[in-house]
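Enquirer: We have chain A already, so just place chain B on it with the hints.
Number of protein chains: 2
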Amino acid sequence: MNNKIGTYTFVVDDFYADQTGTLGWGALGRFLLNCSNSHSMNMGIGMGKYDNNVYMWVITRLIVNLHEPIHKGQTFKMETWISKVYYSFMNREYVMMNNDSKVIGTAFAVWALIDAKTRQTVNLINMFGSDMEQIVYEKTNGLSFDKKRVKLSDSFEHSNLRVKFGDIDINQHMNSIRYIEHALDLFPSELYFHHFLNRIEVQYGQETSFNDHLTLVNNKMDDNSMYVEFRKESGEPACKIRLYFS
Amino acid sequence: MNNKIGTYTFVVDDFYADQTGTLGWGALGRFLLNCSNSHSMNMGIGMGKYDNNVYMWVITRLIVNLHEPIHKGQTFKMETWISKVYYSFMNREYVMMNNDSKVIGTAFAVWALIDAKTRQTVNLINMFGSDMEQIVYEKTNGLSFDKKRVKLSDSFEHSNLRVKFGDIDINQHMNSIRYIEHALDLFPSELYFHHFLNRIEVQYGQETSFNDHLTLVNNKMDDNSMYVEFRKESGEPACKIRLYFS
Numbered sequence: 000m001n002n003k004i005g006t007y008t009f010v011v012d013d014f015y016a017d018q019t020g021t022l023g024w025g026a027l028g029r030f031l032l033n034c035s036n037s038h039s040m041n042m043g044i045g046m047g048k049y050d051n052n053v054y055m056w057v058i059t060r061l062i063v064n065l066h067e068p069i070h071k072g073q074t075f076k077m078e079t080w081i082s083k084v085y086y087s088f089m090n091r092e093y094v095m096m097n098n099d100s101k102v103i104g105t106a107f108a109v110w111a112l113i114d115a116k117t118r119q120t121v122n123l124i125n126m127f128g129s130d131m132e133q134i135v136y137e138k139t140n141g142l143s144f145d146k147k148r149v150k151l152s153d154s155f156e157h158s159n160l161r162v163k164f165g166d167i168d169i170n171q172h173m174n175s176i177r178y179i180e181h182a183l184d185l186f187p188s189e190l191y192f193h194h195f196l197n198r199i200e201v202q203y204g205q206e207t208s209f210n211d212h213l214t215l216v217n218n219k220m221d222d223n224s225m226y227v228e229f230r231k232e233s234g235e236p237a238c239k240i241r242l243y244f245s
Numbered sequence: 000m001n002n003k004i005g006t007y008t009f010v011v012d013d014f015y016a017d018q019t020g021t022l023g024w025g026a027l028g029r030f031l032l033n034c035s036n037s038h039s040m041n042m043g044i045g046m047g048k049y050d051n052n053v054y055m056w057v058i059t060r061l062i063v064n065l066h067e068p069i070h071k072g073q074t075f076k077m078e079t080w081i082s083k084v085y086y087s088f089m090n091r092e093y094v095m096m097n098n099d100s101k102v103i104g105t106a107f108a109v110w111a112l113i114d115a116k117t118r119q120t121v122n123l124i125n126m127f128g129s130d131m132e133q134i135v136y137e138k139t140n141g142l143s144f145d146k147k148r149v150k151l152s153d154s155f156e157h158s159n160l161r162v163k164f165g166d167i168d169i170n171q172h173m174n175s176i177r178y179i180e181h182a183l184d185l186f187p188s189e190l191y192f193h194h195f196l197n198r199i200e201v202q203y204g205q206e207t208s209f210n211d212h213l214t215l216v217n218n219k220m221d222d223n224s225m226y227v228e229f230r231k232e233s234g235e236p237a238c239k240i241r242l243y244f245s
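Line by line, the protein sequences give chains A and B.
Each residue of the first sequence is one higher than the last, beginning at 0 in numbering that gives the first Met the number 0.
Each residue of the second sequence is one higher than the last, beginning at 0 in numbering that gives the first Met the number 0.
These are computed hints drawn from the structure, not numbers from a lab.
Please note that a few of the clues may not be correct.
In this list, chains with the same sequence are indistinguishable; a pair is considered to hold if it fits within one copy or across any two.
Below, simulated DSS-like cross-link-like pairs (lysine-lysine); rule was C-alpha separation at most 25 Å, straight line [said to hold, decoys possible]:
| # | residue 1 | residue 2 |
| --- | --- | --- |
| 1 | K71 | K116 |
| 2 | K219 | K3 |
| 3 | K48 | K71 |
| 4 | K163 | K71 |
Since this is a predicted model, take the numbers as computed values, not measurements.
Isolated chain A, as found in the complex (with noise of 0.2 Å):
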């Protein structure tokens, strides 16, 4: 046993599944945060008060790899572990297995700590001192964004979503899952029944708060994949997703 590795166990009930019957991106998302808070706490750096000011996790990227979908009724394991720590930044890999040991999924994600009032980034070694490498596990699931620039086609479609009270989470901003959500309620149920949503990429940009209006940006892409951009009224991005279909 690798003590640098948490190990959380999830049942997929049946009202965790979404239309299709397979767990749903919401609840698989809120799941991966949990298991990442969990974690960080076990290892002395979970969000809360340290000398009298209160930080808290963000995450800023993250992809998910499925290569199979998992069913209502199944029961899940996801190991995760901090892989690379550097300034404000740590990576985090994730890991999914089914009850048979086998990996039917990875993860990666980069976690920023900022400062709940200021917003603004933490140094890590600063704040945690250098004993923080010593939860560092190096090995890596090797997943990376698709580098290509992303150039919308004429026919991108556009609407419109103002932030709810549903959509902000403990950290007072539109929670890092909600995105997602808010993709994929874009499109039609069909799609996900004729293909499986195995990969989804997000780069998350500015924070969004209660009752901003964003603007939706969706394209199809040259490779089949969805790409859905969040803009802010001062049209900065909040948030950009990729969906990668099978």
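Expert: Below, chain B without anything else, positioned relative to chain A:
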């Protein structure tokens, strides 16, 4: 131990909390649905295939009464049992308890069994036999609906909602808890910071499907509760919700 009662444990991980740091109604509601389903399954009346048709449990009435907010980090238990069986319906009772076995909330729901294809209710005794009466435990929490007729004031507000992929559950209709989440989303975050939403009463009507257009009517009542009604294009109600604050 009363073997007619199922007991389920839930940990309020950080991202099951809402903006105020207490258990979100979405997470609480899904936990309640999942418990109900697990308990039905254990009692031998789970949804699924019988006589070559698929049957599912749908919720037609729901009251949730919280005695105190449930904070993030907390663990709590939910007990549930079936208190009555009549025609196509069964009553379900719920008791929520904290780690000290103190009751922190109760709930009551009416569930109906419907044929997944015809969407018609099915007589429970015909379906499961009179043995079904053996699983009934007649104790109740004594929760009942406010019987006063709701009279909308002249100042009621309305808004529109299109049913999206994420609203639909494995039963192929808008999930019963999503109505509650949409109702809460009508109001500003401050409401939830300044008042404790301690009771919800819900009456479900017509089912709604992907892409349905709904009108949401909301009205502040004389007793400071909020009333929210979801109307289908036909004018028929899909759901009526009453939110009580303290």
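Enquirer: All the hints need checking, so say for each whether the structure fits it.
Expert: Hints versus structure:
| no. | hint | verdict |
| --- | --- | --- |
| 1 | K71 - K116 | between (40 Å within a copy, 20 Å between copies) |
| 2 | K219 - K3 | neither (40 Å within a copy, 52 Å between copies) |
| 3 | K48 - K71 | between (38 Å within a copy, 16 Å between copies) |
| 4 | K163 - K71 | between (29 Å within a copy, 20 Å between copies) |
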